[in-house]
Amino acid sequence: MCISFLHQLMQISMAFEVTFCVRAETDTGDSVCLVGDCEKIGNWNPHHAVILTRVSSPVTSKTANNTSNGMNIWKKTITLSDDTKDCRYRYFIARIVESDSEDSERVVDVLRWETNIKPRLFSPRDYLKDPAMYENTIDTFGEFGQKKHVSTGWLTDETEIHLRLHSNPIYMWKSRHRTQTYSIKCTPLDLRFRDTMHGDEEDDYQPITIPTANYTKVFVSTLKNGQEKPHIQKTYGEVYNPDDFMIFSARTIDPEYLGFQLNWFVHFPDKDPKNIGYNYIIPMEMKNTNDVKTILITGLTHKPIGQVKVDYLLIKPLVGLPMTMEVSYQNYWNFERAALDIGHKGMGSAHSQKESVRENTIASLQSAGSHGADFVEFDVMLSKDLVPVIYHDFHAFATYRKKRRDELENFRVSVKDLTVAELQSMQLSSVHAANEKDDRESDERYEDNVDPKETQPFPTLKQCFEDVDEHVGFNVEVKYPMLRMNGYIEESTYFDRNKFVDIILKSVFENAKDRRIVFSSFDPDICTLLRLKQNKYPVLLLTVGRIRHDEERADPRCVYVPIGVNFVNFANILGINVNSKTILDNHELIKDVKKSGQVLFCWGEETNDSNVINKLRELGVDGIIYDRWMVHEDVSDLWIVNDAKNIIGIDQMKSTKENVFKLEKRLKENVSQPVDNDSK
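Just so we're aligned: the sequence shown equals residues -24 to -1, 1 to 656 in mature numbering (1 follows the signal peptide of the UniProt record, and there is no 0).
Among the clues, some could well be false.
Calculated pairs, DSS-like style, for lysine-lysine (alpha carbon to alpha carbon, straight line, at most 25 Å) [to be verified]:
#, residue 1, residue 2
1, Lys250, Lys292
2, Lys489, Lys638
3, Lys61, Lys51
4, Lys94, Lys123
5, Lys193, Lys123
6, Lys94, Lys512
7, Lys51, Lys263
8, Lys124, Lys94
9, Lys193, Lys263
10, Lys16, Lys52
11, Lys360, Lys193
12, Lys205, Lys638
13, Lys285, Lys263
14, Lys124, Lys475
15, Lys292, Lys205
If you're looking for bench data, these hints aren't it; they were derived computationally from the structure.
Whole structure, please, built from the sequences with the hints as guidance.
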């Protein structure tokens, strides 16, 4: 950057003319912007950022869609004044549409932005000491402080649409065509014109050419190595092979006007692919957040030649909760830190034991933190009145009394069908009690529940933030019902995904303060929404792997770890949270995850063995989720352990015996040098 300054003696203040200059790789229609911590450069709000001016043409290269891209020089001179206050700032690349109205802000689609934990810094004091250090320098986008962190953007104003082809969705009607190789190219269509068309004098029903949506780009990904990152389509589209998981993605300001045309090409060994058909997907077919549509493939003679199942997902921006660009942990992890100890549902799934604390309660979370847990993992869902509550299962077993006073029964009730007040007032029975024979002396249904509030089920997410030590991180598992391989759906008629995630995110951002947070979910679509609706907290994909065939989910992204790893790369989320048995059975999976630069958590019954925990640490996992109670050596059944010497707690597994973040804070406070925020 280049700087000059004016010293106004009468006012004893300084005004610095700062020329911000950066080298960045951009494409046609992109802009490079500057945002920072003062009003002149937007106060970290991307809508109020300064748009730089391109002053040099890129070294051009032709891409598949014949647009040029390459390195550009972008610059802008800005007067900064406020005595000698340091200025912190970042660069980002976006597509911008200026508003025609003074009452509305410009539309900003953030494509990539600098996400080093510590932003760039202009220090007037340093400049006065050594002006040459700042003058005539050109920054490089994403590179500063000997670090490089660039993340893709989130949804500020636009809606993102995914069209997915998976589970072998193509069915050609003629048997001889079913063995051929096909590629598909997706073209965006602008359907605005349909509302402005007027009838001609002669109604001849001639075909109408639908204009393409030139501002919208469609990217393609296939969840396999080397093809999972979204990229520009080739001339003949992308080849679909058996068992592929293909995703077309596009962003738009007006989803109600964006349609798609899929063009189909058949491949031959000795000549170019041949266009053999097409089909259309129009906005009115996409009324819900997600659904599956079976669409006819129309041949060039305007007759159907086959059909395809298209699975779509709409991700809408989070309204009413503006995201700033001050800091982001979405793609950041301190890999130098040892594996984190994470309390499963707080102190673990041990509420059936009389001496233990019920899982997923305030008391359980507090106890895990006081015993040294770095994070606590818990499950979040919504009550009927749309309050985020902590509970593991989609259903609860409640107790009711029959007409005869001494007869009690259990019945299953959906959590989503009761308000938070109703949930918190119920007398719950455990799943075990519901499945066992009636024993009035031991059956908890016959006991009045007078436990303290912190031990009661269904605490709200807000209560967790308020009552649990601020140094204890939260691994928030967002529960959403999924389809199982056996056709069983975990819960029917559930909340719309966009609405569901919006409510949970708002609660988190309103109450989190400085707490460390990691989101996770078994539902890959929930992971996608959690990533694209906010720009601060990281997300992990949960997966069981292929170890529980009766419980396998139908979505291959959360069953097959290699596909899951590729999905993580596609969605640009932090990493994957794998069942420990899957990892222990195949150590090569750890190498695959680490090779992709992803964070690896693990969970499961096996992690309740201290020997397994030590083994996982040696293998290099980044976080281990386990219960308070763990067994030693050859003790196999966690629930039949009676010998106290075989039972230990989180604090006995940790070398520090203390929450790592609390320990690090204390150590930092005892040293004089400035704190390095990158260690957070």
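Now for the hints, and whether the structure bears them out:
no., hint, verdict
1, Lys250 - Lys292, "36 Å, violated"
2, Lys489 - Lys638, "16 Å, holds"
3, Lys61 - Lys51, "22 Å, holds"
4, Lys94 - Lys123, "10 Å, holds"
5, Lys193 - Lys123, "30 Å, violated"
6, Lys94 - Lys512, "14 Å, holds"
7, Lys51 - Lys263, "43 Å, violated"
8, Lys124 - Lys94, "11 Å, holds"
9, Lys193 - Lys263, "22 Å, holds"
10, Lys16 - Lys52, "12 Å, holds"
11, Lys360 - Lys193, "39 Å, violated"
12, Lys205 - Lys638, "37 Å, violated"
13, Lys285 - Lys263, "17 Å, holds"
14, Lys124 - Lys475, "35 Å, violated"
15, Lys292 - Lys205, "21 Å, holds"
The structure fails hints 1, 5, 7, 11, 12 and 14 (numbered hints given earlier, in ascending order).
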